[in-house]
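Let the sequences and hints guide you as you build the complete structure.
There are 2 protein chains.
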Amino acid sequence: MTEKAVILISGGLDSTTVLAMASHKGLDCYGLSFDYGQRHATELDYALKNGRQWGLKDHLTMTLDMGAYGGSALTDKNIPVPEGDFSEGIPVTYVPARNTVFLAFALGYAEVIRARYIYIGVNAVDYSGYPDCRPEFIAAFQNMANTATRAGVEGDPIIVEAPLIHLTKAEIIRKGLALGVDYAQTVSCYQLDTSGDACGRCESCLIRQAAFSEVGVRDPTHYQA
Amino acid sequence: MTEKAVILISGGLDSTTVLAMASHKGLDCYGLSFDYGQRHATELDYALKNGRQWGLKDHLTMTLDMGAYGGSALTDKNIPVPEGDFSEGIPVTYVPARNTVFLAFALGYAEVIRARYIYIGVNAVDYSGYPDCRPEFIAAFQNMANTATRAGVEGDPIIVEAPLIHLTKAEIIRKGLALGVDYAQTVSCYQLDTSGDACGRCESCLIRQAAFSEVGVRDPTHYQA
Chain H
508 MTEKAVILIS GGLDSTTVLA MASHKGLDCY GLSFDYGQRH ATELDYALKN GRQWGLKDHL
568 TMTLDMGAYG GSALTDKNIP VPEGDFSEGI PVTYVPARNT VFLAFALGYA EVIRARYIYI
628 GVNAVDYSGY PDCRPEFIAA FQNMANTATR AGVEGDPIIV EAPLIHLTKA EIIRKGLALG
688 VDYAQTVSCY QLDTSGDACG RCESCLIRQA AFSEVGVRDP THYQA
Chain G
508 MTEKAVILIS GGLDSTTVLA MASHKGLDCY GLSFDYGQRH ATELDYALKN GRQWGLKDHL
568 TMTLDMGAYG GSALTDKNIP VPEGDFSEGI PVTYVPARNT VFLAFALGYA EVIRARYIYI
628 GVNAVDYSGY PDCRPEFIAA FQNMANTATR AGVEGDPIIV EAPLIHLTKA EIIRKGLALG
688 VDYAQTVSCY QLDTSGDACG RCESCLIRQA AFSEVGVRDP THYQA
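Note that the protein sequences, when read in sequence, are chains H and G.
Per the numbering used here, the first sequence starts with residue 508, numbered consecutively.
Per the numbering used here, the second sequence starts with residue 508, numbered consecutively.
Hints listed in this document are in silico derivations from the structure and should not be mistaken for laboratory results.
No false leads were mixed into what you were given.
Since the list can't tell identical chains apart, any single copy or any two copies may satisfy a pair.
Here are the computed lysine to any residue pairs in the SDA-like style, where the Cα-Cα straight-line distance is at most 20 Å:
1. Lys-556 / Ser-702
2. Lys-584 / Ile-620
3. Lys-584 / Asp-572
4. Lys-564 / Gly-577
5. Lys-564 / Ala-575
6. Lys-511 / Lys-532
7. Lys-556 / His-566
8. Lys-584 / Val-619
Right under this line is the structure:
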């Protein structure tokens, strides 16, 4: 029997690459996305498009009101997204406990559909310094998941895979291009404008642009003029 | 400065007792409840009432569509709640990853309001055998939380308190009564009827009834005739 995997997909560059990787492994892939009060719905449109391209068996989009407690530039429109000058430490775009929440739902979904794997596109090389993107977080979540679930207690735990965690952004893009990912259908910007164009100034845009430049391929993103 | 605590409150016997305990400690208490597709909204009404009684500084109720993936008698109305004959192992009332999801949101909320504590009323003595009510789960979640958050990375982690975990249900009730908890304003039944009366037959009702009997106090629950 083909094994199942829950893939966390956001419409971003990383998670779309992970989706392509899991799909190429021949897993039956189930997408999980969140409408969590992020600044722009374009991400979710891309998540749906990519899900169709990569043949998801099912795709669940859950609505979460993380804006109820705010605390991040990505969920509270009163906190501006920083541009250009990136100070040390964890930036205000960090959404408290976001990956813990996302993985918690993935764990529940995986347990219900009896999936063996959860795939998440976290990366700890070219990233914004979020604590919940680091290998020690993924390892600790795995350990917790083993005790939290029926699957874990019964000795057949759900495995959290984070295949990009040690890659540079350029390596991720090379891998995705080799698998056929269409990066025009992905978004990295923290503050797309109303027409869906990227700002080109936030940390996420700058990391993306530098990586495409390193790979030597044109970044297909529409940037604001 | 008075320290803050996020209290997970469901309107049940355990979490209401925990709320009273945290309140008696002199903490500034912030309630967090979930409308997650459970069978009856009476639980949430009680959570709100208890929150007012115990002087919550704020009370957030988040709507979560855990029924989107179902998989439990508590979130999928097509799966009946067992009565009377309780077989070995984890029952169908187990909601996959429920406490992982609840604690994940509590972690985010605690981080945003800079709370030092999260209180959760899990209990591993008189309980239904859910994996995410056991001490090893709470310990593993704590370990994960330390790596997941800005607070953890900066060396001032949010502490998960589960003060009931080793108590019998009778001990919990004695403690609550001593603190002034009104157990008439709590619900344990997995399948209240439309008028809010408890069934008296599900595992949760039987555990509650046995405990009140052991304490020698009348159970104020309205049971179906």
